[in-house]
Each structure stands twice: as C-alpha cells, then as structure tokens.
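Colleague: Model the placement of chain B on the given structure of chain A, informed by the hints.
If you read the protein sequences in the order shown, they are chains A and B.
Take any residue in the first sequence, count from 1 to its spot, add 3: that is its number in my numbering.
Take any residue in the second sequence, count from 1 to its spot, add 1: that is its number in my numbering.
These are calculated hints, taken from the structure and not from any lab test.
Here are the simulated lysine-lysine pairs, DSS-like style, with alpha carbons at most 27 Å apart:
| id | chain 1 | residue 1 | chain 2 | residue 2 |
| --- | --- | --- | --- | --- |
| 1 | A | 521 | B | 72 |
| 2 | A | 518 | B | 76 |
| 3 | A | 540 | B | 145 |
For clarity, every value in this text was computed on a predicted model and none was experimentally measured.
Given next are the chains, with one letter for each unit.
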Amino acid sequence: MKTSISNIIDRYGNDPVRLMDILLDIQDEIGYIPEEINQKIADQVGISKAELVETVSFYHFFSDKPLGKYTVYLNNSVTAEMMGREKVKQTFEEEAGVTFGNVSSDGLIGLFDTSCIGMCDQEPAAIINGVVFNNLTPFRVKEIVNSMREGEAITEMFKQNYGDGNNSSELVKAVVSNNLRRKGPVIWDPYTPGEGLQKAVSMDPSQLIEEIKNSNLRGRGGAGFPTGLKWEFCTKAKETERYIFCNADEGEPGTFKDRVILTELPKMVFEGMAIAAYAVGAKQGVLYVRYEYKYLKKHLENALEELRKERLLGKNIAGKKGFDFDIRIQYGAGAYVCGEESALIESAEGKRGEPRDRPPFPVDKGYLGKPTIVNNVETLAKVTKILKNGSEWFNTLGTKESTGTKLMSISGDCRYPGVYEIEWGHSIYDILEMVGAEDVQAVQVGGPSGTLIGPNQLPRSLGYEDLGTGGALIIFSESRDLLKEVVMNYTEFFIEESCGSCSTCRNMPVLLRDKLQKILDGHGVVQDIDDLLEWSKTLKISRCGLGHTAANPIVTSILNFRHLYEKRVLRDREFETGFNLADSVRESCEAAGRTANI
Amino acid sequence: MSKPVLATTSLAGCFGCHMSLLDIDDRILDLIELVEFNKSPIDDIKTFTKQCDIGLIEGGCCNSENVHVLKDFRKHCNILISLGECAIMGGLPAMRNGIPIKECLREAYLTGPSVTANTEHIIPNDPELPMMLDKVYPCQEIVKIDYYLPGCPPRADLIWETLVALIKGTEINLPYEVIKFD
Numbered sequence: 004m005k006t007s008i009s010n011i012i013d014r015y016g017n018d019p020v021r022l023m024d025i026l027l028d029i030q031d032e033i034g035y036i037p038e039e040i041n042q043k044i045a046d047q048v049g050i051s052k053a054e055l056v057e058t059v060s061f062y063h064f065f066s067d068k069p070l071g072k073y074t075v076y077l078n079n080s081v082t083a084e085m086m087g088r089e090k091v092k093q094t095f096e097e098e099a100g101v102t103f104g105n106v107s108s109d110g111l112i113g114l115f116d117t118s119c120i121g122m123c124d125q126e127p128a129a130i131i132n133g134v135v136f137n138n139l140t141p142f143r144v145k146e147i148v149n150s151m152r153e154g155e156a157i158t159e160m161f162k163q164n165y166g167d168g169n170n171s172s173e174l175v176k177a178v179v180s181n182n183l184r185r186k187g188p189v190i191w192d193p194y195t196p197g198e199g200l201q202k203a204v205s206m207d208p209s210q211l212i213e214e215i216k217n218s219n220l221r222g223r224g225g226a227g228f229p230t231g232l233k234w235e236f237c238t239k240a241k242e243t244e245r246y247i248f249c250n251a252d253e254g255e256p257g258t259f260k261d262r263v264i265l266t267e268l269p270k271m272v273f274e275g276m277a278i279a280a281y282a283v284g285a286k287q288g289v290l291y292v293r294y295e296y297k298y299l300k301k302h303l304e305n306a307l308e309e310l311r312k313e314r315l316l317g318k319n320i321a322g323k324k325g326f327d328f329d330i331r332i333q334y335g336a337g338a339y340v341c342g343e344e345s346a347l348i349e350s351a352e353g354k355r356g357e358p359r360d361r362p363p364f365p366v367d368k369g370y371l372g373k374p375t376i377v378n379n380v381e382t383l384a385k386v387t388k389i390l391k392n393g394s395e396w397f398n399t400l401g402t403k404e405s406t407g408t409k410l411m412s413i414s415g416d417c418r419y420p421g422v423y424e425i426e427w428g429h430s431i432y433d434i435l436e437m438v439g440a441e442d443v444q445a446v447q448v449g450g451p452s453g454t455l456i457g458p459n460q461l462p463r464s465l466g467y468e469d470l471g472t473g474g475a476l477i478i479f480s481e482s483r484d485l486l487k488e489v490v491m492n493y494t495e496f497f498i499e500e501s502c503g504s505c506s507t508c509r510n511m512p513v514l515l516r517d518k519l520q521k522i523l524d525g526h527g528v529v530q531d532i533d534d535l536l537e538w539s540k541t542l543k544i545s546r547c548g549l550g551h552t553a554a555n556p557i558v559t560s561i562l563n564f565r566h567l568y569e570k571r572v573l574r575d576r577e578f579e580t581g582f583n584l585a586d587s588v589r590e591s592c593e594a595a596g597r598t599a600n601i
Numbered sequence: 002m003s004k005p006v007l008a009t010t011s012l013a014g015c016f017g018c019h020m021s022l023l024d025i026d027d028r029i030l031d032l033i034e035l036v037e038f039n040k041s042p043i044d045d046i047k048t049f050t051k052q053c054d055i056g057l058i059e060g061g062c063c064n065s066e067n068v069h070v071l072k073d074f075r076k077h078c079n080i081l082i083s084l085g086e087c088a089i090m091g092g093l094p095a096m097r098n099g100i101p102i103k104e105c106l107r108e109a110y111l112t113g114p115s116v117t118a119n120t121e122h123i124i125p126n127d128p129e130l131p132m133m134l135d136k137v138y139p140c141q142e143i144v145k146i147d148y149y150l151p152g153c154p155p156r157a158d159l160i161w162e163t164l165v166a167l168i169k170g171t172e173i174n175l176p177y178e179v180i181k182f183d
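So that you can see chain A by itself, here it is in the shape it has in the complex (with noise of 0.2 Å):
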C-alpha cells in the first residue's frame, strides 16, 4: 500500500464531510473498500460505523469486495444497445472467461454493467480502471482483454488517437471524442477568461440579479426553474454563509452536453459560479461531478488553478476588496438520483444521496444546512456570457419564454450523433434534418425522464412554452421495437436508480417492468394497459424529481404509441396471467428426482 488509510483520511481533515473524497481515494488506493477497514474510517471521522455504511453501500462505483486488477464497466443504456453492446457483452465474457457481474477466478478481469456514463454519441463505451473507451466491438474487445492478460497498463491499451481539442491535452488524455457539431451563438461565442467577471464586479450584486433576471435564463438541467429568481430568494434567507454549487452530475441517459462544456470551456463555468458567489455572497462553490466524467479530474483542477493566478478565484477577485470565493471539485460515486439537487448536496455532505424533504429549499437551507444555490453546468456558462454580452442581447436569442440557445445532446439513429447548440424554437423536424435522421419511428425528449414522441409530433418545438427539455434528444428509426429495447431499457433504469427512500419508487417501477413484461411475453390483456397507467399515477407521491418521472417511458409511450401496446395484448379474453404450471414446478421436480405431473 502506497499510503496509509489514516494518510488518506488526514488529508481531508479528519472531516465526515469529505467523506466521499475519503472512500474514493481508498478505492482508488486499495481497489475496493474493504469491510475491516470500516471500524477504523469511521473512528477516524468520527461518525459510527453504520453511517459509514450507510454511504459505502449507496453508490455504485464503491465495492466491498475486490472487483479485479482491470475493472470494466460497461454501458448498458438504450443507445448502447443500439449500436451493438450485446456482441460487444458477449465477447468480454468469452474473453475474460467470467460472467457480468463477476470476477475471473485469477481476480484479473472484473465484469460490470453501469448505467449510461455519458458516452451515448459514442457507444458502445466502457469505463475500465477509471478510463473510458468508445466504439467498442467484438475485435477492440479481443485486443484490451489480450493486453490485460499480458499486464499492460491501461493507458496503453488505446489503439486509436485521442479524441478532438482538450480531450488530447496532456492532462487528459482520452480517447472521448467533442462530436460538437454546432457552435452556436452563447456558448461557443468568443470567450476570454474575466469578461464577465470584470462586468459583475463593476455592478451592485442586486443590479446584478436584476440583470440576470431580464435574461429571463432559466435552469438549464432540464427543470427551467428561472436562475435570477433562484438567487434573488438565497439573498433573502437570513444566514450569510453560503454556498454556490454548480451541477455537473449529467445522469440522465443521453445526456452528455455538460461534459463537452467542462472539456472545452470549464473557466467559462468556474467563471459563472464566481459570479453567482459575487450576486449572493458566497465564499464557497462546489463543483460536483459524475464519478463517469474523473478522466476530466486534473484538466478541472487546472483549470481553477490558473484561475487563480489569473485573480479570476482566490482573494479580492477581480480586483474587488473583499471579494473572496474559491471552488472545490467534488466527485461523485456512480448514483442518477444525485443528479437531484438535495440529494447531491448529501452526497457533497458525505452521505447517501438521498433526496431531501423540501420546504425547506436549497436556497434556505442547501449545503451545511446553509442557503445554497445549485445550478446547471450549462446554466453557469451562460451566465458568464450573459454578463459579458448583457441580458438585452440574450433576449434577442431564441423565443419569448425562453431566451438564448440550448445545447443539445443528440444521439439514436441519425448520421450525425453529437452536441448542438441551437436557439430555443427550433421544431424537432428541422432538428432532425439538421443531424441526418431518416425513417424515425419515435423520439426520447429529455432523456428516460421526459417524453416520447412520435412523427405526428414532429412539429413540436423546444422551449418552455412547448417541449421543455435539459437536453437529450435520442432518434429512434422504424427498425427499433420501441417497447421491447427502449421502454423496457429506460425502466429497467429507473429500478436500478431508485434510492429506495419512498416506497412508491423502490416498488412501482418493478411492478409497471413485471406487467410490461407480461404484454412483452403475449399475456397482457387490455386491462393491463389502463393498469399501468393507472398504476403510474402512484408514483407522483414520491419525494423527488426520479420517483415521478419513473412511469414516464411507459406513459408517454401508451399516450403516443398505444397501438404498440394494444397489437400485443390478448383480444380473446378479459383476464390473463401468464402463469405457467409447468414452468414453475420445474426446478422443484429436478431437485426432487421426480416426473411434473401437471
């Protein structure tokens, strides 16, 4: 061991909140975090053992149990599956000689499935030993498995160049390809680090509210909450510490538009937390990021490093006596439901991320139990530019009620997957031609969470006064089987992702997956399409954004495509369960030695 336990927990201070910190450098030290070792983490922060669990247990990329010298994690969204994972699957487990969801008996190869990790313009990807690979097939597959069984280092297992700008910096070093496909006019106008920071400065904090209010920017993650009205109510909560978050734990399937900002432009939003703090007060901005996206980890920490010398963070910002405001970079564990704003501050806490109960709100009661304001990667760019260009300008871009562009992760079916930024108003048709979709049966708006759309609804466009979206566009042409490969998929997320807290979302969503399982197998019945929706509407008592939105591929998908639904359920009669006795004495009639007499 290259550094003690007790080192690694020092070097955070002893401190419970830094916890996540703590346990990711472990697993990073030892590869795994092993139960004995528990007692003493604990001890050391000063929280008991079962709080340390409590936080071990919750996130997907910590371990208990060694998980292999190599550690492959590989996607398994929709897009994925489109794009060839199951041959892709097949071969790991041929190759490593291992199942998925196991270690090879040598403790070589660890084979593991993960949600999306923000690779979708890409697929299928894989994150092994922290690094990503792209466009995976049978043949690279063959190649990384050989040279892990000759030892070589992870690194050196790229056969390819690294991808476009930053991504073959010296500091990052990967394999991930921009696939920016058009720079539009906010994000990708010419930026020079303090422009808008200068502008802030030479403002009144509440002069600079207003200006971002007549922006009229709204939250850019996918809610569209409006971002000056988010920091005017954090001037008004009584206590004055307080907190800047930026969210950069882009979970939602499809989604992948913040990491090509934080690639190509991370100053612009490290830019846009340093006026947020500046309009409210703060002197501490966290940056949380998707453990997916730790390839980025010392391209980000440089890039605040130079902002520092640049006098863009530290002290007297700016120039400005008494404008002191630092950021820290805090990774994630692998959890969708951290994406939620209570629940990543939790996370950023050192616990679970769990959702919290709201009243009170972030902006009272958010970090520390201190006014916090967390706001989108996107969000935070934008307002720099805001800053720098003025809010009359923003308003000439895009519609009425909602200004300024959108980035656009786009991918599925279509010639051109990638990043788009595009002003707000477009119709999902122009969109499609833009990027080279043909014979498109279906489109996923906003991820697993939002709608599903069909061609009848082409004509729709993106903004608030219509389809509100944080993003996400997935293209599904006439060959897909949209309920079999893609509801199927995007529920199948939701139980995985389920923090458990409301019983609501731990049960419901396995519940919808079992009767769309049973329409799937030819047993469904009419009534188990008005179930479902029925069913769905339990769901709305859940505490977070992740328990409502859960039914949603399958409502959206009977409310838009209900013939799918319909040509598969039995016509012939009002009740049907699939039930099978054959099937399920089977096993206890071979443990038993004896014919099934049925």
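Modeller: Leaving out everything else, chain B in the frame of chain A:
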C-alpha cells in the same frame, strides 16, 4: 328463493383467516340463516356439488395442489375474494421467494442442522405429493380475484360486513378501525 351459496378454502395459509371468520361470534347463527355452505372446512364438504355465489380464499399458492384448488374455485364461484395477507401478497410463506426453491429443499431435507432422520437423503418425491412451485404466488397472479380483504387476519367485522353487503346488495359499512393491514 334459495339462499346464496358460500365456499371457502385455505391454501398456503395458517387457517388464521378461517379462525377470524369464526370470530364473528354469535353472528355465525345469522350467517347460516343467510347462506348455504358448499365446499368448505366449515362443513367439511370436500368437493363442489354446485355453482357457488361467493368463494373466500385464504392463503397464496405454494404448490400445484393450491393452484388446482384455486382454479377450481374460480370455476365454481361467481365472486372470488382474497381473504388476508397471504392470499393477497403471499404473506409469511413468501419469505422463501428470495431463495431458489432447490436451495430451500436442500436445506429442509438434506443439509439443514435439524435434518437427522433422512438417512436415505431424499427430497420427498412420491407422485401423490403436490409439486412445489418455484415461489409462492398471490392468488391474483393465478386467477382473477374480484375483491381483497386485507389483514393478518382480516378483522371478523370486516369479513361479516363484506358478506352481508354482498348478500343483501347493500352498501358496505367500513369504519376506519375495521381495515387493518397487519
């Protein structure tokens, strides 16, 4: 007019729900005025002799015999009611559902610490014995169930009120304290 016909059975249950039926106390005398019993442990009629109006099912299905009885009830009863936790959700017997049936049988008959007499090391396999299902199924996963009476057991008043309402066609009187889920 002939009296409505009632049938009852206990599948993978503990007969607690039937005990609760007896718990209606002296109203049992009213009940036999109101209905005629057919297949039921109450009168010990073993096979259906006619079509019934109401069937009460206690317990879920853990073996092939339960399935046959349940299907027979569905065939012979116009209204079928799941009575109690086990019929509705599998109940205590369903605690084995997380364990593969082969493992359960091995533990019970071959490797368990209390297994001493099974010198031949066999898992019972007489053709006369019902076959175990891979898991315990609640009744509605096998046949259509019309009504569900929750509880472990359902309160006697709940059973009584339900039967009276069904037989007389009146509205059911269900004060809060009558419906319990445990």
